[in-house]
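Colleague: Throw the hints in and build the complete structure from the sequences for me.
Sequence order for the protein chains is A, B, C and D.
Position 19 (the first sequence) corresponds to 19 in the working numbering; numbering is contiguous.
Position 107 (the second sequence) corresponds to 107 in the working numbering; numbering is contiguous.
Position 29 (the third sequence) corresponds to 29 in the working numbering; numbering is contiguous.
Position 16 (the fourth sequence) corresponds to 16 in the working numbering; numbering is contiguous.
Simulated from the structure, these hints should not be mistaken for lab results.
Check the hints yourself; a few may be wrong.
Each pair may be met inside one copy or between any two copies, as identical chains are not told apart.
Claimed, not checked - Computed list of lysine to aspartate or glutamate pairs in EDC-like fashion (alpha-carbon distance at most 16 Å, straight line):
id : residue 1 : residue 2
1  : 121       : 12
2  : 121       : 37
3  : 121       : 18
4  : 121       : 75
5  : 135       : 18
6  : 135       : 63
7  : 135       : 93
8  : 135       : 12
9  : 135       : 14
10 : 121       : 33
11 : 121       : 53
12 : 135       : 13
13 : 135       : 33
14 : 135       : 25
15 : 121       : 93
16 : 121       : 51
4 protein chains.
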Amino acid sequence: MSGLVRFSVSVDEDLLRDFDALCRERGGSNRSEAIRDAIRRQLIQREWEADEEVSGVITLLYDHHQPGLSERLTEIQHYTLSDVISTTHVHVDARNCLEVIIVRGEARSIEALANRLIGLKGVKHGELTGTSTGKTLR
Amino acid sequence: MSGLVRFSVSVDEDLLRDFDALCRERGGSNRSEAIRDAIRRQLIQREWEADEEVSGVITLLYDHHQPGLSERLTEIQHYTLSDVISTTHVHVDARNCLEVIIVRGEARSIEALANRLIGLKGVKHGELTGTSTGKTLR
Amino acid sequence: MSGLVRFSVSVDEDLLRDFDALCRERGGSNRSEAIRDAIRRQLIQREWEADEEVSGVITLLYDHHQPGLSERLTEIQHYTLSDVISTTHVHVDARNCLEVIIVRGEARSIEALANRLIGLKGVKHGELTGTSTGKTLR
Amino acid sequence: MSGLVRFSVSVDEDLLRDFDALCRERGGSNRSEAIRDAIRRQLIQREWEADEEVSGVITLLYDHHQPGLSERLTEIQHYTLSDVISTTHVHVDARNCLEVIIVRGEARSIEALANRLIGLKGVKHGELTGTSTGKTLR
Chain A
1 MSGLVRFSVS VDEDLLRDFD ALCRERGGSN RSEAIRDAIR RQLIQREWEA
51 DEEVSGVITL LYDHHQPGLS ERLTEIQHYT LSDVISTTHV HVDARNCLEV
101 IIVRGEARSI EALANRLIGL KGVKHGELTG TSTGKTLR
Chain B
1 MSGLVRFSVS VDEDLLRDFD ALCRERGGSN RSEAIRDAIR RQLIQREWEA
51 DEEVSGVITL LYDHHQPGLS ERLTEIQHYT LSDVISTTHV HVDARNCLEV
101 IIVRGEARSI EALANRLIGL KGVKHGELTG TSTGKTLR
Chain C
1 MSGLVRFSVS VDEDLLRDFD ALCRERGGSN RSEAIRDAIR RQLIQREWEA
51 DEEVSGVITL LYDHHQPGLS ERLTEIQHYT LSDVISTTHV HVDARNCLEV
101 IIVRGEARSI EALANRLIGL KGVKHGELTG TSTGKTLR
Chain D
1 MSGLVRFSVS VDEDLLRDFD ALCRERGGSN RSEAIRDAIR RQLIQREWEA
51 DEEVSGVITL LYDHHQPGLS ERLTEIQHYT LSDVISTTHV HVDARNCLEV
101 IIVRGEARSI EALANRLIGL KGVKHGELTG TSTGKTLR
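Modeller: Structural data, given as structure tokens:
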């Protein structure tokens with residue numbers, strides 16, 4: 001297990017003052033927290049580019065009256081079972097469904113799964129949101 | 001209830017050939033489907049800009065060892081109950097949690113909620129993914 | 001040389017009505033024009049992914065008091081002469097320069113050049129904006 | 001005029017090690033430089049959101065055979081003279097032009113100008129790239 005270390009950064013004092021103002025404006029996070037956030041965001045992008053094990057969320061908006069679509073969505077998720085962690089389904093109104101699938105696997109494999117689901121006839125909108133497993137992301 | 005209509009688009013034939021090749025490459029979707037997708041994507045962006053009622057997904061990666069964080073996440077979601085539809089929680093490993101919150105409400109209100117959650121101390125990474133309620137998005 | 005063709009798209013009439021309203025709101029472009037724009041945007045993204053010959057713009061904001069930076073920028077552009085079309089330099093104020101470099105070449109090669117320039121010590125902000133040579137983009 | 005100051009950040013040592021590896025991989029920039037870059041990027045985004053005075057680049061790809069387009073581009077730029085710093089024009093091939101316009105002004109005003117130019121009939125692709133005047137961005 002690793003511990004906390006401190007390192008120092010040199011910045012122009014005007015830049016630092018503006019950054020502190022921005023942190024205050026956003027509320028909550030202090031300077032160290034904001035910098036750790038920026039570091040983590042870059043490392044997550046790196047994990048996706050390097051095709052490492054990542055996690056993510058696939059958001060699908062679809063019309064459940066589309067014949068065969070619900071079955072197709074279920075079927076594809078079963079074929080790719082090792083990448084799918086959970087699925088939450090929301091009945092938005094009489095026609096519209098929001099299906100939110102939490103996934104975990106190699107980046108390229110997750111992207112391929114998302115493209116396949118989003119490309120299905122009857123899916124009105126779909127997005128893949130990438131995050132990390134957090135394993136190496138303290 | 002509204003029905004299907006057809007309209008015609010004039011394009012350079014080379015552009016159309018390249019577009020058809022792209023649709024084939026992506027698999028699944030035909031030309032009409034791909035154009036409907038592009039139209040919907042623009043309308044969803046418009047819904048968010050115009051602060052209409054939208055739906056979305058807030059993805060949070062956090063360390064549940066952070067004192068008070070789980071309670072804070074729950075508390076904020078209860079205060080904004082009218083915007084929160086459901087929450088799915090995944091135990092990624094011994095430390096890391098993935099919390100995926102499905103939301104629905106006015107765009108600015110959803111953005112404020114997302115910023116508040118993502119800014120909490122101990123949240124390692126957070127993203128708001130915008131989609132639509134689909135109501136006016138056939 | 002290729003000519004204009006027409007093809008027809010079937011859409012729900014509500015979706016089409018909302019799309020027409022959006023086109024009017026943005027001013028200028030009619031339905032066909034808006035759809036051609038969406039098609040072209042997808043084909044340009046494809047050109048970059050497939051590492052084809054593309055064009056683009058590298059925007060650099062830097063402090064010309066940074067020792068050796070101007071020389072370094074010029075030197076790198078000379079080494080990669082085949083990719084650089086033109087450079088425009090704006091003296092923003094006593095310290096700040098905006099340098100805008102128009103480039104053309106294979107996508108990966110353009111990206112490498114942009115990363116190298118943006119990563120130089122003293123460059124405060126840099127962006128690569130991708131577009132096309134337009135050759136196959138009618 | 002402001003001087004350099006140092007401040008210290010506390011981070012988990014694993015996170016710091018991964019960040020250092022990422023900086024090395026990208027070449028050039030050290031840890032302080034990479035953190036300053038991340039800070040500046042956030043401040044620039046803030047300048048655009050707060051409608052401050054910014055600078056930017058409008059990239060237009062168009063077909064100069066489109067009747068009246070070149071005249072229209074010139075005319076609009078003259079009407080908005082106070083926002084336009086310079087224009088560079090590249091003859092990409094017999095048909096295609098790349099026009100790169102450096103702009104400076106209030107963020108909303110720059111966005112309106114960009115939308116107007118990009119929406120013109122015959123413009124195949126357009127992008128607005130936002131940067132800063134660098135005035136308060138050390």
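Colleague: Kindly indicate which numbered hints from before are broken by the structure, ordering the numbers from low to high.
Modeller: 3, 11, 13, 14, 15, 16
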